[in-house]
Amino acid sequence: MALGKSAAVVIGSFPLGESDRVVTFYSRDFGKIRGVAKASRRIRSRFAGALELFTLGEMVFFDTGRSELVRIDHFDVLHPFDRVRRDLERLGQASWIVECVARLTAEHDRHVALYALLVRSLRALEGPVPPARVAVCFGVRALETLGHRPRLDACTVCGRAYPFPRPALGAGGVVCEACAREDAGMVTARPATLAAFEWLRSERWEEALVMPIGRSENEIGAFLDAQVSRLIGQPTRTAKFLRDVRRLEPTSGVSP
Amino acid sequence: MTYYPEPVARLIEALQQLPGIGPKTAQRLTFFLLKRPVEEVRELSESLLAVKDRIVSCRTCFNVTEGDPCRICADPARDARLLCVVEEPNDLLAMERTGEYRGRYHVLLGALSPLDGVGPDDIKVKELLARLEGGETAEVILATNPNVEGEATALYLAKLLRPLGIRITRIARGLPVGGDLEYADQVTLSKALEGRREIG
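Residue numbers (the numbering used here), protein chains in the order written: chain R, 1038 to 1293; chain E, 10 to 209.
Keep in mind that the hints are not guaranteed to be accurate.
To be verified - Here are some, though not all, of the chain R residues that point toward chain E, as calculated from beta-carbon distances under 10 Å: (1) G1049; (2) G1102; (3) R1103; (4) E1105; (5) D1124; (6) L1285.
Unchecked claim - Under the rule of at most 16 Å between Cα atoms (straight-line distance), these lysine to aspartate or glutamate pairs were calculated in the EDC-like manner: (7) K133(E) / E109(E); (8) K168(E) / D1124(R); (9) K1042(R) / D1119(R); (10) K33(E) / E22(E); (11) K1277(R) / E1126(R); (12) K1277(R) / E158(E); (13) K168(E) / E1126(R); (14) K1277(R) / E97(E); (15) K200(E) / E1095(R); (16) K61(E) / D77(E); (17) K1277(R) / E1243(R); (18) K1042(R) / E1095(R); (19) K1042(R) / E1055(R); (20) K1075(R) / E1126(R); (21) K1277(R) / D125(E); (22) K1042(R) / D1124(R); (23) K1277(R) / D130(E); (24) K1075(R) / D1057(R); (25) K133(E) / E158(E); (26) K133(E) / E96(E); (27) K168(E) / E148(E).
FYI, nobody ran anything at the bench for these hints, they're computed from the structure. For each residue, glycine too, the CB sits at the ideal point set by N, CA and C.
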């Protein structure tokens, strides 16, 4: 039986049996880990509120090697990211971020850069930056970190070198007008949007969060969600939640 | 499953469909039932059928009930100005056990869940709005669970109902009765501090 210890973020959970819970973490040292937290649904559980979504903590677990699930022994809260849960738009965008991490990664596949990006994004969501911008910055960099960086220098279908007139964003990157007609699910893109995408990818994180990019943010957000949906083979669940929530506040941002 | 006689295999399969029951537990329950007297097993199977035959959902509050409307909705002694919104019928029962609440209920039959793609159209939100349009309710108590899904639901409902001019309250969160302060986590403790009230 191996004992493991790492900083980790709670990225999902579901009830198990009478009072247990299966919790999914994204950890710094072990990547994605799923484990059983015994009796964690009881009011007086030793885990108390520590296993709530988005919580960053120090996890101690036992891996028996006989099951895909480890046994969670401790989870001491380092930062609860409580402010993220107090606003529906922040909550929705943070959920999109953790859904990307949960569904684009394999278990026990360590990725320190993605872990750092996740924590940095959750921290940014607690600040004054609009939540939609944080999600877009996360999405652009997460795709790059995980090896899914979209190709923006040539049409991904016919290979024609960019720039060309009326570009679109589709499977894997930029698509020329002729190829876009044949490919469903394209997101319209202006040259300014492609430039903004490059810029968000390469600029310093703090600058990427605040630089004005106008409606390119919405276009990039829509592309990122379409790209993640293609990679996981189905629409993201959180995008639906965000659409529903925005019906109450039509003025809020619309990305992703 | 080929090792078992067909009825045993069928029961194991059926029990495995229940939440929290895996193959081992289903097997254990099946062999337990095999050892029990036939009357006891018949009573169990009749109870299962009776639940499906006689229990319906109240068309007003969506609680599980034998008659429609349920006994709470039909009770004239209940305070119609108070409406407590809960996620599931089990939560309603927990509230009733306190004996403190004399108002009415609305069961949402779920909670908003961004990660599961559960939106307002998947729970009984429209029905709640329709009920409130009657104008009888003076206060809505949001008694959803104190987790991410419950909080999201409460936030959503608070925003949705605010224009109706009804008083909207949220049940208090914090330390459990009989708990030790030193073992409380920082989230629970900060909620308890936020919700503190004057004493004496």
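Evaluation of the provided hints:
1. Taking 10 Å as the C-beta cut-off, the interface hint given for G1049(R) holds, the closest approach to chain E being about 6 Å.
2. Because the smallest distance between the Cβ of G1102(R) and any Cβ of chain E comes to about 19 Å, over 10 Å, the interface hint for this residue is violated.
3. About 14 Å separates the beta-carbon of R1103(R) from the nearest beta-carbon of chain E, more than 10 Å, and the hint is not met.
4. Because the beta carbon of E1105(R) sits about 13 Å from the nearest beta carbon in chain E, more than 10 Å, this interface hint is broken.
5. Taking 10 Å as the C-beta cut-off, the interface hint given for D1124(R) holds, the closest approach to chain E being about 7 Å.
6. About 5 Å separates the beta-carbon of L1285(R) from the nearest beta-carbon of chain E, less than 10 Å, and the hint is met.
7. Our distance criterion of 16 Å between C-alpha atoms is broken by K133(E) and E109(E), whose separation comes to about 25 Å.
8. Restraint check: the Cα-Cα separation between K168(E) and D1124(R) comes to about 11 Å, which is no more than 16 Å; the hinted pair holds.
9. A hinted pair counts as satisfied when its Cα atoms are at most 16 Å apart, and K1042(R) with D1119(R) does not qualify at roughly 23 Å.
10. Our distance criterion of 16 Å between C-alpha atoms is met by K33(E) and E22(E), whose separation comes to about 11 Å.
11. Proposed proximity of K1277(R) and E1126(R) is supported: the alpha carbons are some 12 Å apart, at most 16 Å.
12. Only pairs whose Cα atoms come within 16 Å are accepted, and K1277(R) paired with E158(E) is accepted, the gap being roughly 15 Å.
13. About 12 Å separates the Cα atoms of K168(E) and E1126(R), which keeps this hinted pair within 16 Å; it holds.
14. Distance check on the hinted pair: K1277(R) and E97(E) sit about 23 Å apart at the alpha-carbon level, beyond 16 Å; violated.
15. The hinted pair formed by K200(E) and E1095(R) fails the criterion: a straight-line CA distance of about 22 Å is larger than 16 Å.
16. A C-alpha spacing of about 15 Å is found between K61(E) and D77(E), which places the hinted pair at or below 16 Å, so the restraint holds.
17. In summary, the hint linking K1277(R) to E1243(R) is not supported, as the alpha carbons are separated by about 29 Å, beyond the 16 Å threshold.
18. As the CA atoms of K1042(R) and E1095(R) are separated by approximately 7 Å, the hinted pair is consistent with the 16 Å bound.
19. At most 16 Å may separate the alpha-carbon atoms for a hinted pair to count; K1042(R) and E1055(R) exceed this at roughly 27 Å.
20. For the hint pairing K1075(R) with E1126(R), the CA-to-CA distance comes to about 32 Å; that exceeds 16 Å, so the pair is violated.
21. Between K1277(R) and D125(E) the CA atoms are separated by roughly 10 Å; this keeps the pair inside 16 Å, and the hint holds.
22. Simply put, K1042(R) and D1124(R) have alpha-carbon atoms about 32 Å apart, too far for the 16 Å limit, and the pair is violated.
23. A threshold of 16 Å between alpha carbons decides the hint, and for K1277(R) with D130(E) the separation of about 11 Å falls inside it, so the pair holds.
24. Simply put, K1075(R) and D1057(R) have alpha-carbon atoms about 5 Å apart, close enough for the 16 Å limit, and the pair holds.
25. For a cut-off of 16 Å, the pair hint linking K133(E) to E158(E) stands: about 15 Å separates their Cα positions.
26. For the given pair, K133(E) sits about 9 Å from E96(E) by alpha-carbon distance, which is consistent with the 16 Å threshold.
27. Restraint check for K168(E) and E148(E): satisfied, since their Cα atoms lie roughly 15 Å apart, inside the 16 Å limit.
Hint compliance for this structure: hints 2, 3, 4, 7, 9, 14, 15, 17, 19, 20, 22 are not met, and every other hint is.
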